[in-house]
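Undergrad: Just so you know, the protein sequences line up as chains A and B, in that order.
Counting from 4, one number per residue, gives the positions in the first sequence under my numbering.
Counting from 350, one number per residue, gives the positions in the second sequence under my numbering.
I should point out that these hints are in silico values taken from the structure, not numbers from a laboratory.
Just so you know, even glycine gets a beta-carbon here, dropped at the ideal spot from N, CA and C.
Each hint should be verified, as a subset may be incorrect.
Claimed, not checked - Partner residues are not named here, just some residues of chain B that face chain A (Cβ under 8 Å, in silico):
id	residue
1	Ser392
2	Lys436
3	Trp443
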Amino acid sequence: MTRGAILQIYLPIAELPINVFMIFAMGGTVGFLSGLFGIGGGFLLTPLLIFSGIPPAVSVATVTTQIVASSASGVLSYWRKAGIDFKLAGVLLCSGIVGSAVGVWLFGILRSLGQLDLVISLAYVTFLGTIGVLMLGESMKAIMRRKSGEAPVGRKPGQHNWVHGLPFKIRFRRSRLYVSVIPIFGIGSSIGFLGSVLGIGGGFMMVPALIYLLRVPANIVIGTSLLQILGTMAVATFLHAINTQSVDIVLALTLMIGGVIGAQFGAQVGQSMRGEHLRLGLGLLVLLVGLRFAFNLIVEPEDLYSVSVIEGAVK
Amino acid sequence: MRLTLHSFTTLLMFLLLALISGAPALAETLVSAVSSSNVAITSNFTGTQILVYGEIARDAKTVSRTGKQDVVVVVEGPLERVTTWRKDHIFGLWINATSQTYISVPSFYAVHATDDLRNIASEDWLKQYRIGLENLPLAALGARSPATERNAFKAAFLRSRVQHGLYSQISRSLNFLSLTLFSTTVDLPATIPTGEYKVTTFLFSGGVLLDQQEQVLTVAKTGFEQVTFNLSRQYPAAYGALAVILALFTGWLAGVIFKKD
Chain A
4 MTRGAILQIY LPIAELPINV FMIFAMGGTV GFLSGLFGIG GGFLLTPLLI FSGIPPAVSV
64 ATVTTQIVAS SASGVLSYWR KAGIDFKLAG VLLCSGIVGS AVGVWLFGIL RSLGQLDLVI
124 SLAYVTFLGT IGVLMLGESM KAIMRRKSGE APVGRKPGQH NWVHGLPFKI RFRRSRLYVS
184 VIPIFGIGSS IGFLGSVLGI GGGFMMVPAL IYLLRVPANI VIGTSLLQIL GTMAVATFLH
244 AINTQSVDIV LALTLMIGGV IGAQFGAQVG QSMRGEHLRL GLGLLVLLVG LRFAFNLIVE
304 PEDLYSVSVI EGAVK
Chain B
350 MRLTLHSFTT LLMFLLLALI SGAPALAETL VSAVSSSNVA ITSNFTGTQI LVYGEIARDA
410 KTVSRTGKQD VVVVVEGPLE RVTTWRKDHI FGLWINATSQ TYISVPSFYA VHATDDLRNI
470 ASEDWLKQYR IGLENLPLAA LGARSPATER NAFKAAFLRS RVQHGLYSQI SRSLNFLSLT
530 LFSTTVDLPA TIPTGEYKVT TFLFSGGVLL DQQEQVLTVA KTGFEQVTFN LSRQYPAAYG
590 ALAVILALFT GWLAGVIFKK D
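Work the whole structure out from these sequences, hints included.
TA: Next up, the structure:
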């Protein structure tokens with residue numbers, strides 16, 4: 004047996020051997036960044052797994068499981084600090100489940116059509132590109148403002164936007180909100196949908212949406228968003244296990260262990276950094292991942308042909 | 350090197366057996382065996398090798414042939430349905446656009462021979478017995494496409510399979526240890542699919558097939574890998590629930606261990 008063989012572990016669902024330390028390091032690095040920026044890190048982990056040769060279907064499904072673990076420890080600490088609006092998280096979760104059920108269903112169809120890779124790539128380019136640019140712009144402005152000594156534009160009490168004019172209003176006591184369920188359903192279901200198709204938790208989209216669209220208070224927003232992600236991803240894991248059967252439990256566990264350790268160090272470093280610098284870094288990171296996918300779509304591939312085995316052998 | 354020792358002992362036993370048994374034969378016949386009839390995929394599986402060996406049996410009554418004798422060993426994995434996609438440049442993006450599907454191609458295929466295949470037998474023989482990558486029956490499903498297109502897809506499919514180590518064709522890899530004893534080792538890469546494999550040994554003489562022998566090789570996940578895989582296929586709901594519980598537990602544990610006071 005060679006030395007390399009000791010570091011290798013055979014993944015029972017992906018059906019290939021992989022270097023344990025590479026996966027552990029990936030989980031750790033992404034965990035560090037997720038602790039640093041306060042995000043789930045799924046949008047980094049899924050592409051990393053895909054680029055390292057794990058089938059996209061297995062990568063996406065398995066990362067949903069890893070997100071359950073990473074958000075669970077976050078939920079626990081926000082729960083202790085009473086930083087969760089359970090009612091809001093519940094409504095978001097119900098809509099998230101609808102979204103992720105549609106997502107998993109579509110995932111199966113796209114996989115059988117051979118277009119799963121394309122949709123994943125296009126979606127990454129679109130979403131990460133847009134959000135990356137928005138984040139960069141916002142954080143640059145904040146840094147400029149601080150340099151020129153201008154006072155930041157904060158939220159004025161009682162300030163309303165168009166969202167607050169919609170019907171079917173519900174009261175959320177913990178968040179001190181009285182808003183329509185329509186935007187909540189919209190946010191929850193679209194993030195649930197993206198989560199199950201792209202293997203991302205969507206925290207980096209959920210948090211801004213809750214702050215800017217619904218005006219959820221800052222001390223409640225992260226805990227609530229984490230709980231919603233935990234619920235949605237747990238359901239997505241379950242649906243993937245039933246529908247696409249591509250959740251690799253060995254891969255998930257390796258990622259989780261690396262991830263939760265990395266996150267602790269990331270969170271410590273993150274506390275000593277300025278908010279706008281963190282957002283600038285995160286914006287750059289998001290944009291880079293998006294560009295990496297764009298590169299694959301735009302540059303002519305070395306081999307135009309690819310071979311895929313259709314599930315279920317003949318005979 | 351457990352394998353070589355193991356194969357050496359089996360070879361010795363085989364040699365003895367061959368000496369004892371002296372059944373009359375009219376023409377050369379073939380006796381062959383595989384070093385192991387089971388390949389177990391465990392958590393540290395990184396591929397393995399199997400030894401295929403045998404003897405060309407003949408006795409005094411056998412008419413001695415002037416033509417050279419050739420042995421071909423074919424290892425074929427379970428059949429599967431495969432789609433080959435080609436990316437085309439559409440709206441400035443490289444997108445999977447054209448595809449061809451083969452309904453039953455071997456998931457693994459290795460040919461080892463004593464000589465170049467074209468020196469061993471005619472193309473008709475090779476095609477009939479599916480010997481050689483070029484002679485695998487690859488008929489695309491459905492839509493009729495021009496021959497150039499079909500050939501391009503076929504070449505791309507074979508190239509991809511060879512690159513992944515799933516298909517191989519090695520001439521002159523089969524060695525004669527004596528005038529009648531032969532052996533070869535076939536590499537099974539880490540990514541081999543599970544299932545029943547067919548190991549077929551052919552004996553050709555002067556371009557004519559004299560005899561063929563078939564053995565079965567089972568490649569299966571064992572232990573933890575098998576349990577996990579079966580659970581995910583047979584009880585997907587339980588498997589999904591298990592994955593979620595495991596994730597929740599890991600997250601909770603991390604929260605407890607790293608709790609800031």
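Undergrad: Evaluate each hint against the coordinates.
TA: So, going through the hints one by one against the coordinates:
no.	hint	verdict
1	Ser392	holds (5 Å)
2	Lys436	holds (5 Å)
3	Trp443	holds (6 Å)
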